[in-house]
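Novice: Position chain U against the provided structure of chain D, taking the given hints into account.
There are 2 protein chains.
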Amino acid sequence: MKKVGVAVLGLGVVGGGTCRILIDRKKQIAEEYGVDIDIAAVLDRIPERVTNLGLDLSILAKDIDEICDNPNVNIVVECMGGSEPARTFLIKALEAGKSIVTSNKEMFAKFWPDLEKAAAKTGAGLYYEATTGGGMPIIRTMTQAMQANGIQEIKAIINGTTNYILTRMTEEGADYQQVLKDAQALGYAEANPVADVEGYDSSYKLSILSSLAFNKRVPVDIIYREGITKITAEDIRIAKDMGFVIKLLAIAKQRGDKIEARVHPVFLPKSHPLANVNGSFNAVFVVGDAVGDIMLYGRGAGALPTGSAIVSDVVFCARQVEHARYPEMFNVMTQDQIVSDFESDYYLRLNARDVSGVIADIASVFKKYKVSISQMRQDESKEVIPVIFITHKTTEKAMKQAIEEIKSLPNVLSVENVIRVEK
Amino acid sequence: MKKVGVAVLGLGVVGGGTCRILIDRKKQIAEEYGVDIDIAAVLDRIPERVTNLGLDLSILAKDIDEICDNPNVNIVVECMGGSEPARTFLIKALEAGKSIVTSNKEMFAKFWPDLEKAAAKTGAGLYYEATTGGGMPIIRTMTQAMQANGIQEIKAIINGTTNYILTRMTEEGADYQQVLKDAQALGYAEANPVADVEGYDSSYKLSILSSLAFNKRVPVDIIYREGITKITAEDIRIAKDMGFVIKLLAIAKQRGDKIEARVHPVFLPKSHPLANVNGSFNAVFVVGDAVGDIMLYGRGAGALPTGSAIVSDVVFCARQVEHARYPEMFNVMTQDQIVSDFESDYYLRLNARDVSGVIADIASVFKKYKVSISQMRQDESKEVIPVIFITHKTTEKAMKQAIEEIKSLPNVLSVENVIRVEK
Chain D
63 MKKVGVAVLG
73 LGVVGGGTCR
83 ILIDRKKQIA
93 EEYGVDIDIA
103 AVLDRIPERV
113 TNLGLDLSIL
123 AKDIDEICDN
133 PNVNIVVECM
143 GGSEPARTFL
153 IKALEAGKSI
163 VTSNKEMFAK
173 FWPDLEKAAA
183 KTGAGLYYEA
193 TTGGGMPIIR
203 TMTQAMQANG
213 IQEIKAIING
223 TTNYILTRMT
233 EEGADYQQVL
243 KDAQALGYAE
253 ANPVADVEGY
263 DSSYKLSILS
273 SLAFNKRVPV
283 DIIYREGITK
293 ITAEDIRIAK
303 DMGFVIKLLA
313 IAKQRGDKIE
323 ARVHPVFLPK
333 SHPLANVNGS
343 FNAVFVVGDA
353 VGDIMLYGRG
363 AGALPTGSAI
373 VSDVVFCARQ
383 VEHARYPEMF
393 NVMTQDQIVS
403 DFESDYYLRL
413 NARDVSGVIA
423 DIASVFKKYK
433 VSISQMRQDE
443 SKEVIPVIFI
453 THKTTEKAMK
463 QAIEEIKSLP
473 NVLSVENVIR
483 VEK
Chain U
63 MKKVGVAVLG
73 LGVVGGGTCR
83 ILIDRKKQIA
93 EEYGVDIDIA
103 AVLDRIPERV
113 TNLGLDLSIL
123 AKDIDEICDN
133 PNVNIVVECM
143 GGSEPARTFL
153 IKALEAGKSI
163 VTSNKEMFAK
173 FWPDLEKAAA
183 KTGAGLYYEA
193 TTGGGMPIIR
203 TMTQAMQANG
213 IQEIKAIING
223 TTNYILTRMT
233 EEGADYQQVL
243 KDAQALGYAE
253 ANPVADVEGY
263 DSSYKLSILS
273 SLAFNKRVPV
283 DIIYREGITK
293 ITAEDIRIAK
303 DMGFVIKLLA
313 IAKQRGDKIE
323 ARVHPVFLPK
333 SHPLANVNGS
343 FNAVFVVGDA
353 VGDIMLYGRG
363 AGALPTGSAI
373 VSDVVFCARQ
383 VEHARYPEMF
393 NVMTQDQIVS
403 DFESDYYLRL
413 NARDVSGVIA
423 DIASVFKKYK
433 VSISQMRQDE
443 SKEVIPVIFI
453 THKTTEKAMK
463 QAIEEIKSLP
473 NVLSVENVIR
483 VEK
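Keeping their order, the protein sequence lines are chains D and U.
When you read off a place in the first sequence, starting at 1, and then add 62, the result is the number in the working numbering.
When you read off a place in the second sequence, starting at 1, and then add 62, the result is the number in the working numbering.
Only chain D is shown next, with the shape it has when bound in the complex (with noise of 0.2 Å):
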């Protein structure tokens, strides 16, 4: 039977889960995919970390050359996080000829490029299914499933935090700062929740999607980006009783030699496959022009379903004789293949006086530039009248003049929030 060493760099949650599957199922694995994989080398500054999962110290390398000069070790596990040092760490596996597995998404997809390019000098391996979407094996699914496709559109929910305060906001009414709060005491949010709840983590995953999709690599900079720190209580109950949830989508389509790449929170119609994606649930809506409409469900985050992804990669790659290179990653989108100005529906709300006159000042405004409006909803009289809107189709920059000048109408007081549309 083929033996394989493996060695994990970081043993945090992610990789001691994964060890913990790679020690529990070793027996099950060689009887079904034919590899016998060996924990062969362990990398962490907390020594306990590997006792703790029954391991031997003897394993516990002293520094990232050590394992790389091991020749025990066959693929090389980072599950680190950050970019450096998991970027110089993975260079030099990949030049001593290992293969890697990484669940680093942030690093994976800044520094693509580079491991590409080291991999390729050694004929390694390069495998990510755990950058993106936990569990859920969307990477496998764009690489070995979807071959007869070109890509049409992404929409994605793949960060679980988001979803999560999104779906509490929804079922309990609740304030964005009060679920936030409940969240980070629940571990489900960080401390310094940032990367989550503003789009960092979205974009670096949708990064890695689109750059699939489209066969050249999207870099992370020229994705468009919003987080979800402005939506309000009154905009989810608003959705609600409009037919709509409210979900921080990553979206990626192709319009014509261009494409779209943006992360935003988005009116989305109740009856949406995606609609129905709650809690920490991550899901992955995908048309190809073949296939037509396909979606991956399941658990984005968490020891067991990354560390399940981390192993799926370690048995596939184990498995290869040749591994599949990805040279178009150095073919770069730059900012003018992006669709800047693009099309959407829009949800406007505002507060303005209740004098008459101030709704047909807005809607002047939005005849000027073009933009059509499919709903409008106007709450009881009372000196500040909350309104809203719903636009039909139209771009970025006439709904962006329209609502500067609304918002310098006599009558309008405040624009309270806008959010795309996404059907």
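Honestly, I wouldn't trust all of these hints.
Any copy, or any two copies together, can satisfy a pair, since identical chains are not distinguished.
To be verified - Calculated cross-link-like contacts (lysine to aspartate or glutamate; reagent style EDC-like; alpha-carbon spacing at most 20 Å):
no. : residue 1 : residue 2
1   : K320      : E405
2   : K302      : E146
3   : K278      : D351
4   : K154      : E94
5   : K65       : D244
6   : K183      : E390
7   : K64       : E384
8   : K320      : E94
9   : K332      : D407
10  : K332      : E233
11  : K89       : D319
12  : K455      : D244
13  : K172      : E322
14  : K179      : E94
15  : K89       : E390
16  : K459      : D403
17  : K278      : D416
18  : K455      : E322
19  : K64       : E390
20  : K172      : E215
21  : K154      : D303
22  : K172      : E128
23  : K179      : E93
24  : K65       : E384
25  : K278      : E93
26  : K462      : D355
27  : K179      : E390
Everything labelled a hint here was simulated from the structure, so no lab data went into it.
The structure presented is a predicted model; accordingly, all values stated were derived computationally and were not measured.
Specialist: Positioned in the frame of chain D, the structure of chain U alone reads:
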């Protein structure tokens, strides 16, 4: 670049769709996957089908032997349907060293071991993504993305025809016969709908999925099977009222050292991810012990979705240096390894005379068989009253005995329907 020759057996809907994709995406597949795929031969009784695809008549083979002898054919794609001659043709191809790709679930579910045996002789590959779930990559997910998992449970909507019928019955409040007729007129159901509506098609697919899940062949004939023909508009209406939808599910569960494998209609809570899978869409919900819940959703049939799965297999197969073997399929699960007296909650609808004591009589029968009641409903008083029970978890045996005895109660006129409840 690696050159690969494909022979397509059967140029009907699926075979035609496959050729269409192979022709249209030849260049992109070569660029992205490094394999140059040609249609080297076809087999069909209707020469027009060849020319209609823009293919040259010179590649139309006179019989399977000519294809087996053709050194330019590396992979044989079978889209003929039916057990024979498909099985014989594929065994011949495997013995001639050609890898095979098939969409034929009935043949594959029945003769998988024969095909494995023939493939093992020559080292040829066996690919069958298109047998189950159309374009949804459930086979690839189970074999290439869940290696770290013991599979605990599968729940699947894997027959588009029955899901279409049940969806329309739910949306329109219409009766089974009426929707079936309409579905036949629209091409969503066959003139002879037995294979779909009686659950045979779902049981073929469940045989394939559960064999992969439990690493042991689960033959079709030990799968419990019940179709949708007895579901009435009345049951659908009651389900809706009580927060359920009725779906035809294919279910497989690990139960200690035994398994459950069954196809039947169920009451499913509206909040279950499968409850929102409507129309002709398919979805498979899988629980792995590491990954937790995952779900795949997509089009279960059609020329291009199924063609997408076939072409994915062709590309996957073409890039393999060594093909995976599944010798565990020679190991067959027997009737005694199936939990025959499985447990479930039950929905029971009966008609009774509106006389005092009838409910007490029924309740005492339930008590005798230790069936505990979760909900009871009784419609407004007429001479004949419909009574609905939903039970807590109980065994099939206890439920059957209770029903037999309830039928014989003097004031019970008829037991109208019994449907299992799945959560």
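Novice: All hints are to be evaluated individually against the structure, with a verdict given for each.
Specialist: Checked hints:
Taking the shortest Cα distances, K320 and E405 sit within 20 Å of each other inside one copy (13 Å), while across copies they are farther apart (55 Å). Taking the shortest alpha-carbon separations for K302 and E146, neither the intra-copy value of 43 Å nor the inter-copy value of 54 Å comes in at or below 20 Å. Taking identical chains as interchangeable, the C-alpha atoms of K278 and D351 lie at most 20 Å apart only when both belong to the same chain, with a minimum of 18 Å there against 36 Å between chains. Proximity of K154 and E94 under a CA criterion of 20 Å is satisfied in neither setting, with 32 Å inside one chain copy and 27 Å between copies.
Taking CA atoms no more than 20 Å apart as the test, K65 paired with D244 passes in neither setting, with 47 Å inside one copy and 58 Å between copies. In this homomeric assembly, K183 and E390 come within 20 Å of each other (Cα to Cα) only inside a single copy, at 16 Å, whereas the closest approach across copies is 39 Å. Taking the shortest Cα distances, K64 and E384 sit within 20 Å of each other both inside one copy (15 Å) and across copies (13 Å). Taking the closest pair of Cα atoms, K320 and E94 come within 20 Å of each other only across two copies (19 Å); inside a single copy the shortest separation is 44 Å, beyond that limit.
In this assembly of identical chains, the alpha carbons of K332 and D407 lie at most 20 Å apart only when taken from the same copy (16 Å versus 29 Å across copies). Proximity of K332 to E233 under the C-alpha cut-off of 20 Å is found in both arrangements, the shortest distances being 14 Å within a copy and 16 Å between copies. Taking CA atoms no more than 20 Å apart as the test, K89 paired with D319 passes between copies only; the shortest distance there is 18 Å, against 49 Å inside one copy. Neither within a single protomer nor between protomers do K455 and D244 lie at most 20 Å apart by alpha-carbon distance, with minima of 37 Å and 35 Å respectively.
Taking the shortest alpha-carbon separations for K172 and E322, only the intra-copy value of 19 Å comes in at or below 20 Å, while the best inter-copy value is 47 Å. Taking the shortest Cα distances, K179 and E94 sit within 20 Å of each other only across copies (17 Å), while inside one copy they are farther apart (33 Å). Taking the shortest Cα distances, K89 and E390 sit within 20 Å of each other only across copies (15 Å), while inside one copy they are farther apart (38 Å). Proximity of K459 and D403 under a CA criterion of 20 Å is satisfied intra-copy only: 6 Å inside one chain copy versus 64 Å between copies.
Taking the shortest Cα distances, K278 and D416 never come within 20 Å of each other, neither inside one copy (52 Å) nor across copies (72 Å). Taking the shortest alpha-carbon separations for K455 and E322, only the intra-copy value of 15 Å comes in at or below 20 Å, while the best inter-copy value is 50 Å. Taking the shortest alpha-carbon separations for K64 and E390, only the inter-copy value of 19 Å comes in at or below 20 Å, while the best intra-copy value is 32 Å. Taking the shortest alpha-carbon separations for K172 and E215, neither the intra-copy value of 22 Å nor the inter-copy value of 38 Å comes in at or below 20 Å.
Proximity of K154 and D303 under a CA criterion of 20 Å is satisfied in neither setting, with 55 Å inside one chain copy and 62 Å between copies. Within a single copy, K172 and E128 get their C-alpha atoms no closer than 26 Å, and across copies no closer than 53 Å, so neither meets the 20 Å cut-off. Within a single copy, K179 and E93 get their C-alpha atoms only as close as 35 Å, which misses the 20 Å cut-off; across copies the closest is 19 Å, which meets it. For a Cα distance limit of 20 Å, the shortest separation of K65 from E384 qualifies both inside one copy, at 17 Å, and across copies, at 17 Å.
For the homomeric pair K278 and E93, the shortest alpha-carbon distance between copies (12 Å) is at most 20 Å, but the shortest distance inside one copy (38 Å) is not. Proximity of K462 and D355 under a CA criterion of 20 Å is satisfied in neither setting, with 32 Å inside one chain copy and 42 Å between copies. For a Cα distance limit of 20 Å, the shortest separation of K179 from E390 inside one copy, 11 Å, qualifies, whereas the shortest one across copies, 40 Å, does not.
The earlier numbered hints that this structure contradicts are 2, 4, 5, 12, 17, 20, 21, 22 and 26.
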